[in-house]
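Trainee: Both chains are given apart, each in its own frame, so use the hints to dock them into the complex.
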Amino acid sequence: MPGALRILRAGFGATIQDGGRHGQLRYGITPAGPMDWRAFRTANLALGNHAERAAAVEIGVGGIEVFCATTTPIGVAFCGGGFSWRRDGRQVGCAARLILRPGETLTAHPGRHGVFAYLAVSGGLATPVELGSRATHTRSGIGGIDGRMLRDGDLLPLFAGGWPFGEARISAPWLDGDPAPVRVVLGPQDDYFGAAALNAFFGAEFRLTAGDRMAYRLEGPEIAHERGFNIVSDGIALGAIQIAGDRKPLILMADHPPTGGYPKLGHVIRADIGRLAQLRPGETCRFLPVGVEEARAAWLACENAVAATSRHLRPLQSAPHFGGRSP
Amino acid sequence: MYREARFLPAGESALVVEFGARIDPALNDQVRALDRALAANPIAGVVETVPTYRSLMVHFDPRLLSTAALVERIRSFEAEAPIEEKPPRHWLIPVCYEPPYAEDLSEVAAALGLSAPRVAELHAGATYRVYMYGFAPGYVFLGGLPVELAISRRPQPRPPVPAGSLLIAGGQALIAGISMPTGWYNLGCTPTILFDWKRDPPASIDIGDTVQFEPVEAAQFATLQQAAAQGRTVARQKA
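Residue numbers (the numbering used here), protein chains in the order written: chain A, 1 to 327; chain B, 1001 to 1239.
FYI, nobody ran anything at the bench for these hints, they're computed from the structure. The model shown is predicted, which means the values in this text are computed figures rather than measured ones. Do not take every clue at face value.
In silico lysine to aspartate or glutamate, DMTMM-like type, Cα no more than 20 Å apart, as pairs [unchecked claim]:
#1 A:K248 - A:E205
#2 B:K1238 - B:D1206
#3 B:K1238 - B:E1085
#4 A:K248 - A:E222
#5 B:K1198 - A:E130
#6 B:K1198 - A:D146
Looking at chain B on its own, in the form it has when it is part of the complex (with noise of 0.2 Å):
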């Protein structure tokens, strides 16, 4: 199962299973079933796990283990069944793509040719599928933009986006988890707190699930931000 995958050493206290270079849901299955297999096996000495597009960090503490035997060890798991993952859920999130949530999209409309409602409509026609947490906290990074949306990066980074904000570059979107400059766009903006570092898990969305937009009226933001605020849940689940 694992047989294709590259070990690559990040220092002496970690180490990268690869099993690709591309973003793609077969690599990113891999990683996860991986994943799994430690979080079911543990080894001792290993510290965390951080799952990427297209491989896993293993951080380890080398006073209780050595790369060459952590890759034997993963390397075991090749003969063993692959864990059987909980099913993914799908995630449907509320966001306004009307000012002043979506500071960017005209200038993102502007670049692109096309008209700011079509990018809202492009935006929101998708279905993502969550590939991994990075960059900062509860920053859910996103595959399957519209290639009509690719832009690139800012050459300079924008004064900070707001938590909640729905990110766009490099033909990649994302959502903030919280409120960080960033050489990203603006789309628009969710009233859900899909992050939080005082809850426990501080992040609903896992990897492997999937995520679609509903556009609301600005109007309707505050009502929803409040909702939110109360600890009660904006954003809804489909089977």
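Bound-form chain A, shown alone (with noise of 0.2 Å):
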């Protein structure tokens, strides 16, 4: 192991992530994984990594800053919601792979859109796999390091990675912020509500009031139930569009509990729950009905389009230093 990278600050809402944890929400465990995918892969793709399986820092609002505790160089690699990223004080725009020496510091700090940026090393962090995954999720204390947002001091362990490319800027056309429709399929209780509330939902804008990595809570028109809200609990998917008692959309978003008895309007697609991620308090969306067969082909394109992300790296001149370079 070449050693670690040692957190210096960890802002509010750092956690690790991988891609998830899979198969065992059977039994009432909360699958985790990245708020925003298309970034978080962007950033492993960039790395050469496992788009999924290797795991990474999601950083929050709060920021971050870490140090390369390392006796060689490592690759890392961020992008994800316009963040703004100095090397030793020296931005470095707000997407790119770099080689980071030993002794160097990276921060971040949010910037003019977006609330979740990744950081990706070569090789993945090393942190433990347990039931089968390393994302972190802190309510149940699963995962990362023992189940809790990162602290000051913390040591994130590597493994051995090289660094076989050259430091580049990553400008991928799904990092920046677009204020297109987020697409919902209507289900499975999509009959639970009548022709007015589905066109209050689907004619209006929405505010974000409130958010973290289990749900969203939007404000608009109310939209009325026809037939109660309180179901027999059943399944609950990524971006299960909810609505309680309040008559508000509540979006189920990566750490949501496998079931629920609330029923469930539709559900974000996967091509757009990353962008509804980076929605911050206060900001609006609109939504756009979509039926099944569009939200796959949509999502296809989506992941075809991030699989490619090395078509998205354009090198970096003056590497490794390089001074005064705004994002």
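Mentor: Structure (structure tokens):
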């Protein structure tokens, strides 16, 4: 092992995530995984890591400051949510692949848009695998480091990994903010809502009022139930739009429980869930209904685009150190 | 066999196969039968299944499978003979209904107009069927709560209950797998470790099993808890 990354300052919300914990939902175990899968995979793919299996740091609005406590240089890549990154105080853009040398520090602060950024390392983080995954679920204390958010002083162990590449800027279109409507597949309980409620949902703008890794709460016109709001609990998938007694949409995100007892009007499609995850409280979005086949086609197109991340790398001219470059 | 099921999309990556809208052992049997059929005849692209009271959620990878293709495959199971299930087990689980292990017992008794010992007696007198896991790791949802103990959920969640808490609300009962805040009421606690994510499999009790609770005194609880912590099973199984 070539050493570790030391967390000098962990802003609120920083956790270790991989592609998520699958196969245990039937025991009530949350999948976790990245909030913005596109940015997470992009950071891994820029380093040649496995897109989903390599664990990376998910950074929230608190930002982060890490110190390279290794004996040899390591490859790192970061992107997601327009954060502002600096190496030893010099700006290095909002999405790049770098060779970090022993003793260097890397800091991230939220930028003009977005709430989640990812810091991947060559070969992935070597924290313990728990129930088949390194993803952190803080509410149940599973994964990551002791199942919790990262703290100042944490040491993130690394696998031995090389850097058979140069430094590069990542300029992938899916990392930019995009105001397009968030697409939704209706069901499974869309029949609990009348036409007026569905028209209200798809006809108006909604504002994000609160959000964490479990759920995003939105406010807009009331979404009234026609058949009450208690159902016999059934399964919950990522992106479920749950309407509880307050008639407000609650969208279930990466840390969603496997089952629940409120009617689900629809599901945000996978292609758009990362975009929704990057909304800040106070920001707004609209929803657009699509069929399940269109949702699948959108996912495959998005997935293929992200898988071709290497086509969106542009060599940095003055590597390894370059001053004054603005994001 | 699944002729009456409804196939409902939950996005492009999950499908709900719904057999009904009630808490009903016959519906839950259909859910479990389909779950077994999918385990015995794996479909490429299915990631995992989640059995619930009245439906099975099938999570899949849309790179390998479409919703329509999955529906077609599940429909084809209709023609096939049902997979034999392994016989359900019956569990006798020790529970302490005394302070400090029964934090909300007197509150529930007051709300229902019953005495605290009567609430414990009713809860311990019933036989429960295990319908599903859900909500949080190791949370076992049970059917069979006596109607006298029907109490609605709290308007606001209460502070975390310990793992092993016996909770009731909304006419349902459950055993808490880990410590979490809850909108339910805590009637007692078992020293048995029914769920430990460091074990494989993490959960002892299977869906379809039945459960009864055996009251133990507070003085016994610590002894049983110690035995459980040392890996000794303190719940009994009855044929």
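Trainee: Run every hint past the structure and note whether it holds.
Mentor: Now the hints, each set against the structure:
no.	hint	verdict
1	A:K248 - A:E205	13 Å, holds
2	B:K1238 - B:D1206	14 Å, holds
3	B:K1238 - B:E1085	18 Å, holds
4	A:K248 - A:E222	6 Å, holds
5	B:K1198 - A:E130	8 Å, holds
6	B:K1198 - A:D146	13 Å, holds
Checked against the numbered hints given earlier, the structure satisfies every one of them.
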